[in-house]
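There are 2 protein chains.
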Amino acid sequence: MCELLGMSANVPTDICFSFAGLIQRGGNTGPHSDGWGIAFYEGKGFRTFKDPNPSCDSKIADLVQSYPIKSRAVISHIRQANRGEVSLVNTHPFTRELWGRYWTFAHNGQLADYEDWPTGRHRAVGETDSEFSFCWLMGELEKEYPQPPTDMLEVFRFVTKCCDKLRERGVFNMLLSDGEYVMSYCTNHLYWITRRAPFGKASLIDEEMTVNFQEETTPNDIVTVIATQPLTNDETWHRMKPGEFSLFQFGELIDGNAEQLKDVAYAKPKEKKKRRL
Amino acid sequence: MCELLGMSANVPTDICFSFAGLIQRGGNTGPHSDGWGIAFYEGKGFRTFKDPNPSCDSKIADLVQSYPIKSRAVISHIRQANRGEVSLVNTHPFTRELWGRYWTFAHNGQLADYEDWPTGRHRAVGETDSEFSFCWLMGELEKEYPQPPTDMLEVFRFVTKCCDKLRERGVFNMLLSDGEYVMSYCTNHLYWITRRAPFGKASLIDEEMTVNFQEETTPNDIVTVIATQPLTNDETWHRMKPGEFSLFQFGELIDGNAEQLKDVAYAKPKEKKKRRL
Numbered sequence: 001m002c003e004l005l006g007m008s009a010n011v012p013t014d015i016c017f018s019f020a021g022l023i024q025r026g027g028n029t030g031p032h033s034d035g036w037g038i039a040f041y042e043g044k045g046f047r048t049f050k051d052p053n054p055s056c057d058s059k060i061a062d063l064v065q066s067y068p069i070k071s072r073a074v075i076s077h078i079r080q081a082n083r084g085e086v087s088l089v090n091t092h093p094f095t096r097e098l099w100g101r102y103w104t105f106a107h108n109g110q111l112a113d114y115e116d117w118p119t120g121r122h123r124a125v126g127e128t129d130s131e132f133s134f135c136w137l138m139g140e141l142e143k144e145y146p147q148p149p150t151d152m153l154e155v156f157r158f159v160t161k162c163c164d165k166l167r168e169r170g171v172f173n174m175l176l177s178d179g180e181y182v183m184s185y186c187t188n189h190l191y192w193i194t195r196r197a198p199f200g201k202a203s204l205i206d207e208e209m210t211v212n213f214q215e216e217t218t219p220n221d222i223v224t225v226i227a228t229q230p231l232t233n234d235e236t237w238h239r240m241k242p243g244e245f246s247l248f249q250f251g252e253l254i255d256g257n258a259e260q261l262k263d264v265a266y267a268k269p270k271e272k273k274k275r276r277l
Numbered sequence: 001m002c003e004l005l006g007m008s009a010n011v012p013t014d015i016c017f018s019f020a021g022l023i024q025r026g027g028n029t030g031p032h033s034d035g036w037g038i039a040f041y042e043g044k045g046f047r048t049f050k051d052p053n054p055s056c057d058s059k060i061a062d063l064v065q066s067y068p069i070k071s072r073a074v075i076s077h078i079r080q081a082n083r084g085e086v087s088l089v090n091t092h093p094f095t096r097e098l099w100g101r102y103w104t105f106a107h108n109g110q111l112a113d114y115e116d117w118p119t120g121r122h123r124a125v126g127e128t129d130s131e132f133s134f135c136w137l138m139g140e141l142e143k144e145y146p147q148p149p150t151d152m153l154e155v156f157r158f159v160t161k162c163c164d165k166l167r168e169r170g171v172f173n174m175l176l177s178d179g180e181y182v183m184s185y186c187t188n189h190l191y192w193i194t195r196r197a198p199f200g201k202a203s204l205i206d207e208e209m210t211v212n213f214q215e216e217t218t219p220n221d222i223v224t225v226i227a228t229q230p231l232t233n234d235e236t237w238h239r240m241k242p243g244e245f246s247l248f249q250f251g252e253l254i255d256g257n258a259e260q261l262k263d264v265a266y267a268k269p270k271e272k273k274k275r276r277l
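Here the protein sequences line up with chains A and W, keeping their order. Just so we're aligned, residue 1 is where the first sequence starts under full-length UniProt numbering, counting upward by one. Just so we're aligned, residue 1 is where the second sequence starts under full-length UniProt numbering, counting upward by one.
Extracted from the complex, chain A is given alone in its bound form (with noise of 0.2 Å):
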């Protein structure tokens, strides 16, 4: 399998600290050594770093890692390859322009029987399940709006109708963004966490770090981290339920079919306390 990474924020922010403990899963302490990708945007443009080796020995990775590229909207993946060779043509994130908007899609898990589906004019270059998927998915939401579209959470709602159906042939966890919403959509493996004033400390699982987000933040920042597992492990994560989305624009959750989701008053003090625990 995979594993991702998402960002949303409301003031740009730079994700060191999380690329660095996911980076160590592509094979380090994780097997996730077939490529990574990770796509910034900043306003409506994006800027994509890949390498098709192991990110834990990644020249580019350590870049990364060391030069704080600040953005309110970021996805990442790192990549155990199942359909599709090692290259760069299959190495996650996707982008393709839509609606004079890029789309950057990364995609966990693994689809049978989708080869007939229509993908419209946005054909897959490479030979990943992922790709395809995502091709598809572009095409259903151009048929279902041929024109660019102002009801952007109408537009997740139906992108979730297509991942319920794309789930129907396998495991399909997934992050989305055009680079103002992120959205994320979990079959089996997929967590997000806000962190908000009033910050605190917390310590990568992979690697000897620990950050006093206090000292990194403003008292006004708003941030989520979406990731396939926990990437600390003294902070308390949000774990999806199969079937679950969750939209995030700048950091905060604006939308989701959870159960949870009554309970994420983010506005009420108290609740917001109960969700650092």
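Hints listed in this document are in silico derivations from the structure and should not be mistaken for laboratory results. It cannot be assumed that every hint is accurate.
[As the list claims (entries may be wrong)] Here are the simulated DSS-like cross-link-like pairs (lysine-lysine), alpha carbons at most 25 Å apart as the crow flies:
hint: 1; chain 1: A; residue 1: K59; chain 2: W; residue 2: K44
hint: 2; chain 1: A; residue 1: K143; chain 2: W; residue 2: K143
hint: 3; chain 1: A; residue 1: K161; chain 2: A; residue 2: K241
hint: 4; chain 1: W; residue 1: K59; chain 2: A; residue 2: K70
hint: 5; chain 1: W; residue 1: K59; chain 2: A; residue 2: K59
This one's a predicted model, so the numbers in the text were calculated from it and none came from an experiment.
Please build the complex by placing chain W on the supplied structure of chain A, with the hints as guidance.
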């Protein structure tokens, strides 16, 4: 304006030497300090490094210069903004998927009265005339070839006709690649050189750096470099004429509309020698 750099090679080759010269023009020996980018193809896959900061003091540019990424098709660009603010979304090169291939484009020049041109399903995300003209080009290609074409030479001849139309709207120097072919189109400033055995030495104009290609290559290597201005001061670069296009595949010039083309008979040792004078 901006500066372009492209490479086509028959074996995966790093472009560190040429890139080292180019990035000095990004704020040091040249005024092109409004961002830079470089796309490396590896098979059908590609990776792009981009930075809206000046290349001459970019940490990412340092990595690209020191970390030899070997590729058979490279497109790079350093920007001096005219249309569109200095930002990542306006930083070249731009990439779109068409016919199951990734197409990468970089432009030097400035266009006028193009805004009402139809771009088909391809929409520009940023504000540059460059990205817009690329989207229009992709739209024209898709209109002409709704299904993936087989005769790519015919396709690039069609691209040339589109470039002729763009040239009517201003200065349009362009590099375009699908990972196998690298095409250059000239309005005013574009040079190229093909290096092959017997290899010699070359010295950069913009940096104290000399390379002995003899030591860096094998006798079968064929590498073409395309640039807005020659990068070396001790080699003979071929200057392209207005309206001239050149198509390279695996380092070789395989098509073009230049009178000089008939003289460029690489198969003949005599003329090969002549071209090295």
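Hints, verified against the model:
About 22 Å separates the Cα atoms of K59 of chain A and K44 of chain W, which keeps this hinted pair within 25 Å; it holds. At most 25 Å may separate the alpha-carbon atoms for a hinted pair to count; K143 of chain A and K143 of chain W meet this at roughly 19 Å. Restraint check for K161 of chain A and K241 of chain A: the C-alpha separation of about 16 Å stays at or below 25 Å, so the hint holds. Between the alpha carbons of K59 of chain W and K70 of chain A the distance comes to roughly 15 Å, so the proposed pair stays at or under 25 Å and holds.
Among the hinted pairs, K59 of chain W with K59 of chain A is consistent with the structure: their alpha-carbon atoms are about 13 Å apart, no more than 25 Å.
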